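K.L.:
Chains as they are written, first to last, in numbering that gives the first Met the number 0: chain A, 0 to 176; chain B, 0 to 450.
Derived by calculation from the structure, the hints in this document are not laboratory data. For clarity, every value in this text was computed on a predicted model and none was experimentally measured. Be aware that a few hints might be false.
[Unchecked claim] According to the in silico footprint, chain A covers these stretches of chain B (three or more CB under 8 Å from chain A): (1) 8 to 22; (2) 60 to 73; (3) 77 to 85; (4) 245 to 256; (5) 263 to 270.
Beta carbons are placed, not taken as given, at the ideal position from N, Cα and C, and that holds for glycine.
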Amino acid sequence: MSSVIACELPPRAPGSGSGIDLTRYQDAGAIRRLLTSARTVAVVGLSPKELRASYFVGFYLRRNGYRVVPVNPRETEILGEKCYPSVAAIEEPVDVVNVFRAPAAVPGIVEECAGRAKAIWLQYGVIHEEAAERARALGLEVVMDRCMKVEHARHLGRLHWLGFTTRRITAKRPETP
Amino acid sequence: MNEKEVGAETREFGFATRAVHAGARPEPYTGARATPIFQTTSYVFEDPEAAAAYFNLQEYGNTYSRIMNPTVAAFEERIANLEGGVGAVAFASGLAAQAGAFFTALQPGDHVVASRALYGGTLTQIKHLERKLGFEVTFVDPDRPGNWKEAVRPETRLFFGETIGNPGGNVLDLEAVADVAHDNGVPLMVDSTFATPWLCRPLEWGADIVVHSTTKFIGGHGNSIGGVVVESGRFPWDNGKFPGIADPSPAYHGLAFQATFGEYGFLMKLRAETLRDLGACMSPFNAFLFALGVETLPLRMERHTANALEVAAFLAARPEVETVAHPGLPGSRYAPLVAKYLPRGAGAVFSFDLKGGRRAGTRFIRELNVFSHLANVGDAKSLVIHPASTTHRQLNDEELRGAGISPGTIRLSVGIEDPGDLIWDLKRGLEATAAEPADEESNEEAVACPR
Numbered sequence: 000m001s002s003v004i005a006c007e008l009p010p011r012a013p014g015s016g017s018g019i020d021l022t023r024y025q026d027a028g029a030i031r032r033l034l035t036s037a038r039t040v041a042v043v044g045l046s047p048k049e050l051r052a053s054y055f056v057g058f059y060l061r062r063n064g065y066r067v068v069p070v071n072p073r074e075t076e077i078l079g080e081k082c083y084p085s086v087a088a089i090e091e092p093v094d095v096v097n098v099f100r101a102p103a104a105v106p107g108i109v110e111e112c113a114g115r116a117k118a119i120w121l122q123y124g125v126i127h128e129e130a131a132e133r134a135r136a137l138g139l140e141v142v143m144d145r146c147m148k149v150e151h152a153r154h155l156g157r158l159h160w161l162g163f164t165t166r167r168i169t170a171k172r173p174e175t176p
Numbered sequence: 000m001n002e003k004e005v006g007a008e009t010r011e012f013g014f015a016t017r018a019v020h021a022g023a024r025p026e027p028y029t030g031a032r033a034t035p036i037f038q039t040t041s042y043v044f045e046d047p048e049a050a051a052a053y054f055n056l057q058e059y060g061n062t063y064s065r066i067m068n069p070t071v072a073a074f075e076e077r078i079a080n081l082e083g084g085v086g087a088v089a090f091a092s093g094l095a096a097q098a099g100a101f102f103t104a105l106q107p108g109d110h111v112v113a114s115r116a117l118y119g120g121t122l123t124q125i126k127h128l129e130r131k132l133g134f135e136v137t138f139v140d141p142d143r144p145g146n147w148k149e150a151v152r153p154e155t156r157l158f159f160g161e162t163i164g165n166p167g168g169n170v171l172d173l174e175a176v177a178d179v180a181h182d183n184g185v186p187l188m189v190d191s192t193f194a195t196p197w198l199c200r201p202l203e204w205g206a207d208i209v210v211h212s213t214t215k216f217i218g219g220h221g222n223s224i225g226g227v228v229v230e231s232g233r234f235p236w237d238n239g240k241f242p243g244i245a246d247p248s249p250a251y252h253g254l255a256f257q258a259t260f261g262e263y264g265f266l267m268k269l270r271a272e273t274l275r276d277l278g279a280c281m282s283p284f285n286a287f288l289f290a291l292g293v294e295t296l297p298l299r300m301e302r303h304t305a306n307a308l309e310v311a312a313f314l315a316a317r318p319e320v321e322t323v324a325h326p327g328l329p330g331s332r333y334a335p336l337v338a339k340y341l342p343r344g345a346g347a348v349f350s351f352d353l354k355g356g357r358r359a360g361t362r363f364i365r366e367l368n369v370f371s372h373l374a375n376v377g378d379a380k381s382l383v384i385h386p387a388s389t390t391h392r393q394l395n396d397e398e399l400r401g402a403g404i405s406p407g408t409i410r411l412s413v414g415i416e417d418p419g420d421l422i423w424d425l426k427r428g429l430e431a432t433a434a435e436p437a438d439e440e441s442n443e444e445a446v447a448c449p450r
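Based on the provided sequences and hints, a complete structural model is requested.
P.N.:
This is the structure we're talking about:
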């Protein structure tokens, strides 16, 4: 069985029990700037199955204006986009590499990101501190143990429409959607 | 271009700021600063793909006000923020909120351990749901965490208590009871109506679900019925004991809520399935009033609790009064728990027993002019009631004792009026009871109110 996919979330709440100070990789201001500036997002471990979390995220990002580049060695096309076997194989510049893989796969992905992407975003439960530090040393921005869909919805989207906590406090008038 | 949000990402805003602002940003189309009342049943879709994405839960989009409404959502986020939860789902009443939480967490054959000192309406609801939905409940004296532990069975799936018991004033040892719950792989759900997030935030002490009757202090003005469920996002619903939440849902083409939505799994299930199916949604107008009420929650609770303590101390010193069950009074057996969990005050609802029993209680209530005799608590106005003949009348004598109530128990909800006026009113009532003969075994009131 190929190691394609840690699409499923781990059997625990995000961030709990890892023993790592995850807040170092979850700064709200940095996340907001990244979401605002990014245009192209490679989703590593994107599943073609509609009910998988990775598909929810890829689908959502595409609907919200990002160019989504699927990375999955077992598929040729997902979400109507050409699917690449690895980050190294992608033929265009990428802003964010969004990772839905088991933590053990992260170090290899980090090396592939060097020179190809501006940031690496590790989803809920995809926690690998050494790889995150290596990514930083390579000049990549790192977000870890956060969901890109949820964070987009929190900062730029509609998370609050479902009564979820955004922690956003502002007296400024938002742009009309 | 509008001005952008500036510098707010990293600021830890205080409670009072969040009470006023959380959930309510200016409305983008009109600039309206107060949250508009979106009195609409439904919402026009941008295009067919958007509609499909909303119904598949792939995108956050409004579909129908039974399950989501922007005014209600503003209120939900405000309460979730103040309680420290990941989110909240509002319901038409506090009892509807509780029923929604039970319905989401439990399956037929499951077992619940619950405090026996719960609000009478809650006890009645639980016993009714037990029969209708096929789960079983063991009621325990909530004051000793060991009692909770002893009641656990292999099929136990939920612990349920009140932060401050109604009307006995029991203070729950949240941390200890949450530990017992988690040792057994089940969540602790707490009705925190009497505390409000200003006095205590149970999620910070390990509770997993908080429910409120927002009808009370959260609304604060006795004008609307509502309830809300807040969840921490921390409980591992996929630990094997909750197939109703973790397993694929036939109603959403096999979608597994916990695996797909992670920390939002329980609340998504609560909204997209339970609220959809039970239909007991909060109205946008009520949500507007509740969100408005929350803006002054810290100010009101400070006054409520200060007034209540002053009134309790007055009553405790009166010869007509047998006992005063305010957990904040010096010498209360709950003093250590109040110091730990309720440092800002032990609430504004408490009961006391008149020496004269049932007859004295009736006379007392008749004599009051500022306190309103009615079946509610948590109004800006001071309220009074006789539980044995009203809120708790469905309970038999044993259950009544279990809930800490005697025939002469009077429950007060102390408002935000001038405390001197409240004491003036109560003093007149107490003096009138001195003229009443004591209860006999078979007095008229007892026959009229056998339960």
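K.L.:
If a hint holds in the structure, say so; if it doesn't, say that too.
P.N.:
The hints, checked one at a time:
Counting residues of the stretch 8 to 22 of chain B whose C-beta sits closer than 8 Å to any C-beta of chain A gives 9, which meets the bar of three, so the coverage hint holds. Counting residues of the stretch 60 to 73 of chain B whose beta-carbon sits less than 8 Å from any beta-carbon of chain A gives 7, enough to reach three: the coverage restraint holds. Restraint check on the stretch 77 to 85 of chain B versus chain A: 4 residues with Cβ-Cβ distances below 8 Å, three needed, restraint holds. Figure legend: the stretch 245 to 256 of chain B, annotated as covered by chain A; annotation consistent (5 residues with Cβ-Cβ distances under 8 Å, at least 3 required).
Against chain A, the stretch 263 to 270 of chain B contributes 4 residues with a C-beta closer than 8 Å to a partner C-beta. That satisfies the three-residue criterion, and the hint holds.
The earlier numbered hints are all upheld by this structure, with none contradicted.
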